[in-house]
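Enquirer: So the chains spell out like this:
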Amino acid sequence: EVRLLESGGGLVQPGGSLRLSCAASGFTFSSYDMSWVRLAPGKGLEWVSIIGSSGSITYYADSVKGRFTISRDISKNTVFLQMNSLRAEDTAAYYCARGSLSGWYSLDKWGQGTLVTVSS
Amino acid sequence: IQLTQSPSSLSTSVGDRVTITCRASQGISSYLAWYQQKPGKAPKLLIYAASTLQSGVPSRFSGSGSGTDFTLTISSLQPEDFATYYCQQLSAYPYTFGQGTKLEIK
Chain A
-12 EVRLLESGGG LVQPGGSLRL SCAASGFTFS SYDMSWVRLA PGKGLEWVSI
38 IGSSGSITYY ADSVKGRFTI SRDISKNTVF LQMNSLRAED TAAYYCARGS
88 LSGWYSLDKW GQGTLVTVSS
Chain B
-12 IQLTQSPSSL STSVGDRVTI TCRASQGISS YLAWYQQKPG KAPKLLIYAA
38 STLQSGVPSR FSGSGSGTDF TLTISSLQPE DFATYYCQQL SAYPYTFGQG
88 TKLEIK
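Going down the list, the sequences are from chains A and B. Going by my numbering, the first residue of the first sequence is number -12, and it counts up by one from there. Going by my numbering, the first residue of the second sequence is number -12, and it counts up by one from there.
These aren't lab readings, by the way, just hints derived from the structure by calculation. Remember, predicted model here, so these are calculated numbers, not experimental data. All C-beta atoms, glycine included, are put in the ideal place defined by N, C-alpha and C. Check each hint, because a few of them may be wrong.
To be verified - Dumping the calculated DSS-like pairs for lysine-lysine here, alpha-carbon to alpha-carbon at most 30 Å:
| hint | chain 1 | residue 1 | chain 2 | residue 2 |
| --- | --- | --- | --- | --- |
| 1 | A | 30 | B | 89 |
| 2 | A | 52 | B | 31 |
| 3 | B | 25 | B | 89 |
| 4 | B | 25 | A | 52 |
| 5 | B | 93 | B | 31 |
| 6 | B | 25 | B | 93 |
| 7 | B | 93 | B | 28 |
| 8 | A | 30 | B | 25 |
| 9 | A | 30 | B | 93 |
| 10 | B | 28 | A | 63 |
| 11 | A | 63 | B | 31 |
| 12 | B | 28 | A | 52 |
| 13 | A | 52 | A | 63 |
| 14 | A | 30 | A | 52 |
| 15 | B | 31 | A | 30 |
| 16 | B | 28 | B | 89 |
| 17 | A | 30 | B | 28 |
| 18 | B | 89 | B | 31 |
What the hints assert, rightly or not - Just a few of them, taken from the derived set where beta-carbon distance is under 10 Å, the chain B residues facing chain A:
| hint | residue |
| --- | --- |
| 19 | 18 |
| 20 | 20 |
| 21 | 22 |
| 22 | 24 |
| 23 | 27 |
| 24 | 28 |
| 25 | 29 |
| 26 | 30 |
| 27 | 35 |
| 28 | 37 |
| 29 | 71 |
| 30 | 80 |
| 31 | 81 |
| 32 | 85 |
| 33 | 86 |
Here chain B stands alone, though its shape is the one from the complex (with noise of 0.2 Å):
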């Protein structure tokens, strides 16, 4: 299963609302996940389930989506929330993920 995210990377600026999307190559119910990445560190869970917050990750996260199409939504950007972020399909294996995309600040 094929993930394609857009857009590949996204200058931005504190305040914003940015929106993120995944599309899967076929249907995967709600068998997906958001991460967040920073340099040099660990991945973090922010969603799963498509539309689920990880337990500790602000509320200004959100999810949504079903079957092929997917969004993350950051509702008001932090400086903080500057990363690396990716969708990754659990709903068959490899559990794939798509290319990421890169908020920079503008």
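So that you can see chain A by itself, here it is in the shape it has in the complex (with noise of 0.2 Å):
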């Protein structure tokens, strides 16, 4: 089965740091892109940043730019998101998703996500 679970959430103070992480299990982890998407108070989905398979590729949404590191771990099957310079519209709920394989591409497995909480 596949599983994706998040972590590292929290309360943070803006300009403050936070590294989230997404535990990855039940399939071939070096296989899929990774991608982390969010869904703030009152808002809709706003996609945050993708990873390749091999970590050589990272994209980023124009909000986070510069602020925001997508890395990977293939030998802990853990993908992360380093958060710098936090802003309070940053707070949202954090979800990590697997890329689809197929040539028509999705996100096709969640996980549960993890708040984040950007206040002074």
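Can you join these two chains into the complex? Each is in its own frame, and there are hints to help.
Expert: Okay, here's the thing in structure tokens:
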């Protein structure tokens, strides 16, 4: 069974940092792209970042570019999201999601999310 | 690429046929997916490649369209279908979502 388990969320002050983790199991982690998606209170889903299967390719939403860094540790089947210079508008539930292997790409498996609150 | 979903909310009843539209600001071929999200839960993939039903998703869900105009149809709404639905384009980075359509019980 595919499982994605996020952790690392919490309360942080504006300007602070946080590192989210997503532990994967039940599939060959090294073969899949992985994304982070967030849902802010009262808002819709926002795609945040993606990392390629080998870790050599990364992309970011403009709203987080230069502040967030995605990475992965294939030996630990884990993807990370390092979040720096956090702002109130980064408050959200953060989900990791697996990219499909289909030629027609989609996010086919999702974790349950971890909550990040940026507030003083 | 901007995605515009309509309506943003819909008051509906069990058994109704529901159609949600998603319009892309430029052509995306069939690189469009639909997701369902319930409060406090993870999003769930319903449809990919604009019209391909994800394994395990009931056949009352269907998708159509290509290029810039897409639809998600629920043929006969069931109680468990009251949720928020999002389209997402996966043609070009950033992989944007529509703003969502919330289905509410009438």
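Enquirer: The structure should be examined with respect to each hint, and the outcome stated for every one.
Expert: Hint check results:
no. : hint         : result
1   : 30/A to 89/B : holds (12 Å)
2   : 52/A to 31/B : holds (26 Å)
3   : 25/B to 89/B : holds (10 Å)
4   : 25/B to 52/A : holds (29 Å)
5   : 93/B to 31/B : holds (24 Å)
6   : 25/B to 93/B : holds (17 Å)
7   : 93/B to 28/B : holds (23 Å)
8   : 30/A to 25/B : holds (14 Å)
9   : 30/A to 93/B : holds (22 Å)
10  : 28/B to 63/A : holds (26 Å)
11  : 63/A to 31/B : holds (25 Å)
12  : 28/B to 52/A : holds (27 Å)
13  : 52/A to 63/A : holds (26 Å)
14  : 30/A to 52/A : holds (20 Å)
15  : 31/B to 30/A : holds (17 Å)
16  : 28/B to 89/B : holds (15 Å)
17  : 30/A to 28/B : holds (15 Å)
18  : 89/B to 31/B : holds (15 Å)
19  : 18           : holds (7 Å)
20  : 20           : holds (4 Å)
21  : 22           : holds (7 Å)
22  : 24           : holds (7 Å)
23  : 27           : holds (9 Å)
24  : 28           : holds (8 Å)
25  : 29           : holds (4 Å)
26  : 30           : holds (5 Å)
27  : 35           : holds (4 Å)
28  : 37           : holds (8 Å)
29  : 71           : holds (8 Å)
30  : 80           : holds (4 Å)
31  : 81           : holds (5 Å)
32  : 85           : holds (7 Å)
33  : 86           : holds (5 Å)
In the structure shown, no violation is registered for any of the earlier numbered hints.
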